[in-house]
Every structure is written in C-alpha cells, then in structure tokens.
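Undergrad: Protein chains in written order, with my numbering: chain W, 1 to 105; chain F, 106 to 226.
The hints are simulated quantities; they were obtained by calculation from the structure and are not laboratory data.
What you are looking at is a predicted structure, and each value in this text was computed from that prediction instead of being measured.
Any given hint could turn out to be false.
[Unchecked claim] Restraint-style ranges between C-beta atoms, simulated for each label pair:
| id | chain 1 | residue 1 | chain 2 | residue 2 | range |
| --- | --- | --- | --- | --- | --- |
| 1 | F | VAL188 | W | LEU83 | 15 to 25 Å |
| 2 | W | THR78 | F | ASN181 | 20 to 30 Å |
| 3 | W | ARG74 | F | THR184 | 13 to 23 Å |
| 4 | F | GLN170 | W | ASN62 | 20 to 30 Å |
| 5 | W | LYS55 | F | GLN170 | 35 to 45 Å |
| 6 | F | GLN170 | W | LEU83 | 14 to 24 Å |
| 7 | W | THR65 | F | PRO212 | 27 to 37 Å |
| 8 | W | GLU30 | F | GLN170 | 15 to 25 Å |
| 9 | W | ARG53 | F | GLU175 | 19 to 29 Å |
Note that beta-carbon positions come from the ideal geometry of N, C-alpha and C, so glycine has one too.
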Amino acid sequence: MTKAEIVEQIYERVGFSKKEAAELVEKVFEIIKNTLAEGEKVKISGFGNFVVRHKNARKGRNPQTGQEILLEERKVLTFKPSLVLKNVLNEAEEQGETDAGESSL
Amino acid sequence: MAVSPKRTIPGGEMTKSGLIEEVARRTPHISKKDTEVVVNTIFDAMIESLRLGDRIEIRGFGSFQVKTREAREGRNPKTGEPVHISAKRTPFFKVGKELKEMVDDSPDLPEEGPVQREASA
C-alpha cells in the first residue's frame with residue numbers, strides 16, 4: 001500500500017475529491033513527521049506509538065569485515081504497535097488454525 | 106472558533122485527537138468532523154492492509170511490514186516452566202531516510218527521571 005492507495009481509500013470510503021484526500025493525507029504524515037522531529041512522541045490509539053529514543057555512543061563492529069567502529073550517539077525512531085493492532089493481525093491466523101483442526105463444514 | 110497554536114514540547118506527546126486538531130487547524134476549509142473521519146480512515150486502511158499481509162510504504166516516512174514469528178518453546182521466566190508460544194504475526198516499522206535524519210537532528214529530550222505515564226496504546 002502506498003500513499004496513493006490511501007488517498008484512493010479516502011476517496012472511496014469518505015467521498016472526498018482525490019485532490020482533497022491527497023492534501024489531507026499529505027498533511028497528516030507531514031504533521032506526524034514534524035512532531036517527531038521536535039522530539040515529541042506520537043500516539044495513535046488502535047495503531048501504535050512512535051517514540052524518539054536516544055542511543056548512547058557505543059563500539060560496534062562491521063558485521064562484514066569484523067572491523068571495530070565507533071557508533072556515535074544518535075536518536076532513532078521506534079514504533080510500538082498497539083495491542084489492538086497486534087490482535088487484529090493474529091485473529092485471522094488463529095481462526096485458520098482452529099478451522100484446520102476442527103472443521104465442521 | 107479559536108484553535109490553540111501548535112506547540113511541540115520535547116518529551117511531550119501528540120495523540121490521535123491532537124493530530125486531528127492540528128490537521129483541522131491547517132485545513133480551515135475542511136470541517137473538523139471530516140478531518141476526524143479522514144484521519145481514522147487513514148489508519149483503518151493501513152490496519153486493513155497489514156491484516157491482509159500487505160507492505161505499506163509511505164515515502165519520506167517509512168514502511169510497515171508484517172513478519173511472522175515462528176512458534177517456539179519458551180519458558181515462564183518466573184517459574185522456569187516450559188510453555189508453548191504459538192506463531193504470531195507482528196508489525197514492523199522501518200523508518201524512511203528523510204524522517205530518520207529529521208529525528209536524529211531533533212532536540213534533546215529532558216533526561217530527568219522516567220517520563221510520566223507510559224501507558225501502551
């Protein structure tokens with residue numbers, strides 16, 4: 001799925017023009033990005049939390065050459081999926097398993 | 106209707122309703138109700154896409170992908186008792202290059218003490 005497909009969904013489900021839908025989708029991701037860039041976290045209930053984490057400098061190794069390198073202190077973005085999302089992803093599969101085990105049809 | 110200006114606070118947080126507010130504020134020609142429907146539709150569409158096993162790619166932002174974790178035998182860390190952990194699907198997010206750089210340049214977080222109320226979504 002791409003941004004264009006999300007726009008398409010809004011056009012179909014909500015009835016906005018594609019131009020308006022595209023503008024809104026663009027705004028939504030832009031705001032999330034700018035908020036994270038300011039060091040704020042973004043919590044989307046039912047989806048998950050985006051959190052900026054600070055990583056201290058540490059020594060690492062180039063896994064290919066084994067050469068030791070210094071990884072500088074940095075900030076990274078992490079995503080923690082919400083329980084709701086995790087459950088949604090596992091519903092179908094659990095159902096599939098149960099069906100396979102005890103098919104009544 | 107007066108809308109309070111956007112203030113970002115390092116270490117602060119924006120919730121979905123805060124996001125809706127902000128989108129509404131920047132698109133005065135679209136009602137807040139409509140903005141809310143659109144924001145919800147975006148995340149609903151993304152969830153549905155992941156449910157179907159699709160990969161989501163938002164250019165400049167990042168990508169989401171569902172990975173399957175194999176079933177394994179685990180252990181209850183308290184009792185040491187072996188437990189069966191069934192296979193499960195987990196969403197992963199990979200940050201896009203642009204956002205990755207933006208975040209790395211973000212202001213430092215206030216480091217004092219644990220951030221209050223880290224409830225999961």
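Undergrad: Evaluate each hint against the coordinates.
TA: Hints and how they fare:
1. F/VAL188 <-> W/LEU83: 15 to 25 Å: Distance hint for F/VAL188, W/LEU83 holds at roughly 20 Å.
2. W/THR78 <-> F/ASN181: 20 to 30 Å: holds (27 Å)
3. W/ARG74 <-> F/THR184: 13 to 23 Å: The hinted range 13 to 23 Å is violated for W/ARG74 and F/THR184, with Cβ atoms some 39 Å apart.
4. F/GLN170 <-> W/ASN62: 20 to 30 Å: Given about 25 Å between the Cβ atoms, the range holds.
5. W/LYS55 <-> F/GLN170: 35 to 45 Å: Violated: the Cβ-Cβ distance is about 22 Å, outside 35 to 45 Å.
6. F/GLN170 <-> W/LEU83: 14 to 24 Å: holds (19 Å)
7. W/THR65 <-> F/PRO212: 27 to 37 Å: holds (35 Å)
8. W/GLU30 <-> F/GLN170: 15 to 25 Å: holds (23 Å)
9. W/ARG53 <-> F/GLU175: 19 to 29 Å: holds (27 Å)
Checked against the numbered hints given earlier, the structure breaks hints 3 and 5 and satisfies all the rest.
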